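Participant: Sequence:
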Amino acid sequence: MLRSLRFAALLGGLILSASAPAADIDAASYGYPLTNPFEATIATTPPDLRPDLPSDDDIRQSDRSVTLRPEREFILPDNFWPVKKLTYRIATQDKAAPLIFLIAGTGARYDSTLNEYLKKLYYKAGYHVVQLSSPTSFDFMSAASRFATPGVTKEDAEDMYRVMQAVRAQNPKVPVTDYYLSGYSLGALDAAFVAHLDETRRSFNFKKVLLLNPPVNLYTSVTNLDKLVQTEVKGINNSTTFYELVLGKLTRYFQQKGYIDLNDALLYDFQQSKQHLSNEQMAMLIGTSFRFSAADIAFTSDLINRRGLITPPKFPITEGTSLTPFLKRALQCDFDCYITEQVIPMWRARTDGGSVLQLIDQVSLYALKDYLHDSPKIAVMHNADDVILGPGDLGFLRRTFGDRLTVYPLGGHCGNLNYRVNSDAMLEFFRG
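Quick note on numbering: the sequence shown equals residues -22 to -1, 1 to 410 in mature numbering (1 follows the signal peptide of the UniProt record, and there is no 0).
Worth flagging that the hints you see were computed from the coordinates, not collected in a lab.
None of the values given here were measured: they were computed from a predicted structure.
Treat the hints with caution; some may be incorrect.
[To be verified] Listed below are the simulated DSS-like cross-link pairs for lysine-lysine, each with C-alpha atoms no more than 25 Å apart in a straight line:
hint, residue 1, residue 2
1, K306, K205
2, K73, K132
3, K151, K205
4, K306, K132
[Claimed, not checked] Restraint-style ranges between C-beta atoms, simulated for each label pair:
hint, residue 1, residue 2, range
5, N149, R398, 29 to 37 Å
6, P60, P(-2), 23 to 31 Å
7, D36, N283, 41 to 49 Å
Note that the Cβ used here is the ideal one computed from N, Cα and C, for glycine as well.
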């Protein structure tokens, strides 16, 4: 059924009037050195090929909190006290400047590594920057989400929009000339829906919106990532777990190096050593990271809504309560399980029915096809070898965005965002 729908979508796209072709970057001239998409996703860019960025000491920034769901003070357990208010990070210039909102990817907080990188990139270029957590992060779910069941992108965008409005209201003295918006991975999908919402709400009138490595069909992307956990990895048996295997490799790597150096160049350097991970091991690492994010989402949503799927509804949770048993139970539920057990029942109860295929279409970029096709202020940067893309996804992006789509030949999933060529292109888009 899904295949027939994709084929119908392809035929429909061919009937549309032709757009200017996407900018496909030639592999030979691109210069990005990692040709393995798994390795690029994990290790990102070699340090000497990254842009020069300011240190934290050179940035005027602070973490601030807003109260959006005051009733959660009484609903959430005591050990959730850090996330009963939503924290964000704001970096401000000493003069009037454009402000750019950054939305993090799946399960990530406002201070994720990629959000920090993007903040420094845009701050150096003269922008005020606001870093926001993903609607799928436990802090956003707890403090800002109305239903605490992320996955219905339109509703997630409405929650995010209220957060942005609250941030602006809390910082009235920041002199803003224009508003911009960007997000990476799932945050890019959220950014597209936020931009669409702003067309009617008009709170920000975003001048430009940049989507970095967005999922096209959300269900396809999460299915791709879920499958990586099922990879068969050599060296894993009944007595050796995947985590023990990776830890052993890291231990031997640091022994050979002579010291422990946990910096952002660690994984790239590690992958150049004799202890480097194989393709199967890298796939498992990526998939495992995603599975932990899915487990976090499933656990938090179940707890806040008292559904009893993971945590018994009346189970007393205090600051001293071990959450390990519930985490183990949540890890048995992949993203498809979370969608089936929590998102779809909530969505159907609120919309009076609807099929799974309707939901899949509504939460993906397909739902905004006409808007994205006709909006010149929105652009996409993606990678041809991104592990979250499925058959037909790049074709959809080409037909929808035309010359507002840039396709890089390498980089995996967001692995080349900190490559100088990419960072220059991001800045050029917002300056243009």
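Participant: Each of the hints needs a verdict: does it hold here or not?
Facilitator: Do the hints match the structure? See the list:
1. K306 x K205: holds (19 Å)
2. K73 x K132: Given pair K73, K132 is violated - Cα atoms ~34 Å apart, limit 25 Å.
3. K151 x K205: Measuring from Cα to Cα gives roughly 48 Å; hence the hint is violated.
4. K306 x K132: Judged against 25 Å, a Cα distance of about 30 Å means the pair is violated.
5. N149 x R398: 29 to 37 Å: holds (31 Å)
6. P60 x P(-2): 23 to 31 Å: Given range 23 to 31 Å: violated, Cβ gap about 48 Å.
7. D36 x N283: 41 to 49 Å: Holds, since D36 and N283 (Cβ atoms, about 43 Å apart) stay within the stated range.
When each numbered hint is compared with the structure, violations occur for hints 2, 3, 4 and 6.
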